[in-house]
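The chain contents come next:
Protein chains: 2
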Amino acid sequence: MQRTFIGDLGKKIGEKVLINGWVSVRRDQGKMVFVDVRDMSGTVQGVVLPLSAAIGAAKEVTVESAVALEGVVNKRPEKNVVQRQNGDIELQIESIEIMSKAQVAPFDIATELHLDTYLDHLPLMLHTERTRNIFKMQSTILGAYRSSLRNQGFTEFMAPALVGADAEGGGAVFKLDYYNEYKAYLAVSPQFYKQIMVGAFERSCTIAKVFRAEKSATTRHLSEITQMDFEMGFIENEREPMRVLEQTIRDTVREVVGAHQDIFDYFKTATPLIPAEIPILTLQEAQQILGVPEESDLAPEDERNICGWAKEHKQSDFVFITRFPTAKRAFYTYEDPSEAPLSRGFDLLFRGLEINSGAQRIHDHDMLVARIKERGMDPQKYAYYLQAFKYGMPPHGGSSTGLERFTARMLEIQNVKEATAFPRDMTRIDSRLAEENDAA
Amino acid sequence: MQRTFIGDLGKKIGEKVLINGWVSVRRDQGKMVFVDVRDMSGTVQGVVLPLSAAIGAAKEVTVESAVALEGVVNKRPEKNVVQRQNGDIELQIESIEIMSKAQVAPFDIATELHLDTYLDHLPLMLHTERTRNIFKMQSTILGAYRSSLRNQGFTEFMAPALVGADAEGGGAVFKLDYYNEYKAYLAVSPQFYKQIMVGAFERSCTIAKVFRAEKSATTRHLSEITQMDFEMGFIENEREPMRVLEQTIRDTVREVVGAHQDIFDYFKTATPLIPAEIPILTLQEAQQILGVPEESDLAPEDERNICGWAKEHKQSDFVFITRFPTAKRAFYTYEDPSEAPLSRGFDLLFRGLEINSGAQRIHDHDMLVARIKERGMDPQKYAYYLQAFKYGMPPHGGSSTGLERFTARMLEIQNVKEATAFPRDMTRIDSRLAEENDAA
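Residue numbers (my numbering), protein chains in the order written: chain Z, 1294 to 1733; chain L, 1294 to 1733.
Heads up, a few of these hints could be off.
[Unchecked claim] For each label pair, taking beta carbons as the anchor points, the in silico distance ranges come out as:
| no. | chain 1 | residue 1 | chain 2 | residue 2 | range |
| --- | --- | --- | --- | --- | --- |
| 1 | L | V1550 | Z | Q1322 | 53 to 61 angstroms |
| 2 | Z | G1300 | L | N1530 | 18 to 26 angstroms |
| 3 | L | V1662 | Z | W1602 | 54 to 62 angstroms |
| 4 | L | K1666 | Z | H1407 | 29 to 37 angstroms |
| 5 | Z | E1594 | L | V1662 | 47 to 55 angstroms |
| 6 | L | R1547 | Z | E1422 | 33 to 41 angstroms |
Don't read these hints as lab results, they were simulated from the structure. Positions of the beta carbon are idealized from the N, C-alpha and C atoms, including for glycine.
Required output: the full structure, derived from the provided sequences and hints.
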C-alpha cells in the first residue's frame, strides 16, 4: 500500500491507509492501547482495539520506535473532537510493523535536563518537540534571511573555511596541519572574501561557518558559528547596509512569525517587536541613557539594559548602536576624518544580545595599508586581499548576523548552545572531550 | 542626486541621472571618449563629448575603476541601435567622479591565462565577464537546489565542520589543535549529522563544507568542497532518494536555464539534456555496454564514455549507476541479504563526471556495529552517532552533490578549480604556498 502522510489523513475518512512515523506517546487503557504517531507532516492519535491483530505489537512497541501502521481513518464522535491537527479523526489500527524499536531512554526525556546531559544525548533529544521546534525555526530563519538578501540583489557565494593566515590578527584562531610542512588556519570571518566579491557582484552574501578558539565558556560563545553575511558596494555611509540589514531582519521576522506561531506559543515567548523604524543610538547616547561611564564598548549588562529601554520607550526588541571608537573595531573599519576617532561601525542588539556587527569599510588601498601597519601587522600577509583594493574597490560596507544567537533570542533561550545543532566549545565536540579521552 | 541602477536607465530617457559602476571598456575616438560602465543591474555605453567638463577625467580613468557618473540618457539614432541591454540608449556624460582608480592590470585580462596566474589574481579576475558568469550561475544552482529540497519537505540545518574523529576511516583528513591537549578533525562529510537529523525531521538537508586532505592534483579534486546533502526517512529502497535527487536536479536545471541562457551562450555550451526519466544502469550493465572488464568501480574514462552513450542513446546528459559492490562503498551503505555482495548505493554522472553519490543506509543498530567491526574500526568511537540508531532510526537514505563539480559540468569547464570561488589544494590557499613561505 502507498504511504499516506499524516497531514493528509483528514482527506481519507473511511479509508484504509498506511502511515509511517514515530510513536510519540503510548497509553494502555484497559485492554486497548492508544498511540500518538508523528511524521514530518504532523501527528495523529491511533487506537488498537483489544481484538485487533495489532494488539501484541501495540503492547510491545516503545516510545520513539519507528513504525509502519495500517488502519482505517474514523471520524471522532462530536464530543471527542479536539482543536488541533487531526483532532476530529482517529486511526483504528489493524497492523503494526516495528521498523526500528527504540530502547527505553536513560532518563525521562520530557523533564528539564542539565545542559551537559542534554547535549550528550542530542541524537535522542532531537526527537523531542522542544528541540525539533528550535531547529525548525532555525531552518526558517536561515531560509528567510537568505531569501531576503537575494531579493535585495545579493549574489550568494561559498566563502572558504580554510585560510592561510590568522587574518584578523585576533589570535583566537585554530591552526592545522596542511600539506607537507605548511600550516593553515580556520577562518574567523568571511570578511575578506565577501569584500573581494563586491568586485564581481557589487552585492555579495554568504552563509559561512567561522571558528573561534577563544577560551570562553559563557552562554554566548561557541567555537564553531554560522554567520549570515552580506557586503555591498557604492554606499554613501554605514546607513545603507543598516537599511539593508533592517529590511532583512524585518522580512525574516515576518516569515518566522507567519510560519511558527505555534512554536512561539510552545516556548511561551512573544513574537518580536519591530517598529516602523528600528531605533538607532550612538554609543554615547546609549551610555547617557543608561547613566554608565563613557567606555569604548557596551558591557553585556549594558546591552541587556539598553534593550530594556528600547522595548519600553520605542516598542522595539531591536536597537542599533553606532559610532564606536575606531580603535575598538576591526582594522578595515572606515573612519571619516570629520568623525575621528569614531568609526562607521554598528551593532544590532536583539532582546539583550548583540546578534549582528557591521560597518562601512575602508576602500582606499593606501589607507588600508596604513591601518594594517598602525595595528602592528604586516601588509605582505594581506597581499592577496589587498589586490581587490588595487582594481577598483568602491566605497562599501556590510554586516554579519550570528544564526545561533538570532535563533536563541527569537525563542528567548538562555544558552546559545541550545540553538546550535551540534555545538562545539572548550569542553565538547559531540561528546565531552574528557570522556573521549577516557574512552580512547 | 539619487543613484539610478543601469538596468533602469531605459525608463529615464531625456532625464539627468547619476550612475555608479565599473568602467568595463574605454575607447578614445578622436576627441571623444566612449566608456562602457556596468553595475549589478547591467551595462550601458556612455560618451564624453570633447567640450564636456568630464573630458579630463575621461582621459584619465582606467578600466575597472569604480566611478560615479552624471549625465543625460539619450535615445540612440535608429541606425545605431543594437540588440542588447540598453542598446537603444546612450549616456551623455557630464561629470565623472573616480571613486577608486584601478591600477593597470599586470597582463591582458581578456586573454586566456595559465590557471596558476589566473588564481593568483582572482580578486582582479572576478571583475571579468567570464568569471562573474561562473559564479552568477553557481549562486543560482545553490539557491535552486536548496529551494527544490525545501519544496520537497526537507528541513535545512547547519552541519558541523569540526569533528572529534576521522569518522569515515578514510585517512585523508585534516587534523588540528583544539583546546588544551585535544585534537580535532575537519569533516569529510556531513553524513552522520544528516542521518541524526532524520530523527528530528524525517527529511533533512544541509549545504556543508567538507575537507579532503588527499594528495591529489587532478582537475577533479579540491581540498575544500561544498556538498549539497539530503537524507530522508521511511524509504523502501534507494529508488526513493534517487527520485528526490532527480526532481532536485530537474528543478535546478530548469531554473538555471531559465535565468542564464546568456551565460550558456557566452560559454558556447548547450543547456543540459534531461529526458523525462534519467537513465539508470547497474554497474554491470554499464561495463557490458562499454565492453570493459567487470571491475568494482568505473574509471574516469569509463564515466566519460558511459555519459557519451547516455547522450547518444537516451538523449540525456545525466545517467545513474547503481549496484556497486558493498565492499567499495562507505561502511554505512545498506546491503540487502538477497542482493549481496551488491549494495544499494548509486552515483549520478553528469557530462562525464560523477557529481553525486548516494545510497540507502543501514538503519539497524546491531548491523551497523557489525559492519564497523568488519571494517576494522572501533564502535566505541562512533558512540555518539550510534545513539541515533538506538532510538528509532527508520529505513533511510540520501545523497550528496558537489556544488563545484555540478557548476563546472554545467558550463563544461575543464578544471573544477575554476568553478570554486577560492579553491584550496595541495599547492594553494589563495596565494601559492611556496610563495607564502618565501614571503614569511
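Original post:
Holds or violated: 47 to 55 angstroms for the Cβ distance of E1594 of chain Z and V1662 of chain L?
Top reply: At roughly 50 angstroms between Cβ atoms, V1662 of chain L and E1594 of chain Z fall inside 47 to 55 angstroms, so the hint holds.
Original post:
Does the Cβ distance between V1662 of chain L and W1602 of chain Z fall inside 54 to 62 angstroms?
Top reply: holds, 57 angstroms
Subject >> Whether the CB-CB distance between R1547 of chain L and E1422 of chain Z falls inside 33 to 41 angstroms >> reply: 37 angstroms Cβ-Cβ, so the 33 to 41 angstroms window holds.
Original post:
How does the Cβ-Cβ distance of K1666 of chain L and H1407 of chain Z compare with 29 to 37 angstroms: does it lie in that range?
Top reply: The hint (29 to 37 angstroms, Cβ to Cβ) holds, given that K1666 of chain L and H1407 of chain Z are roughly 33 angstroms apart.
Original post:
Does the Cβ distance between V1550 of chain L and Q1322 of chain Z fall inside 53 to 61 angstroms?
Top reply: At 58 angstroms between Cβs, range holds.
Original post:
Do the Cβ positions of G1300 of chain Z and N1530 of chain L conform to the proposed distance bound of 18 to 26 angstroms?
Top reply: holds, 24 angstroms
Comparing the model with each numbered hint stated earlier shows that all of them hold.
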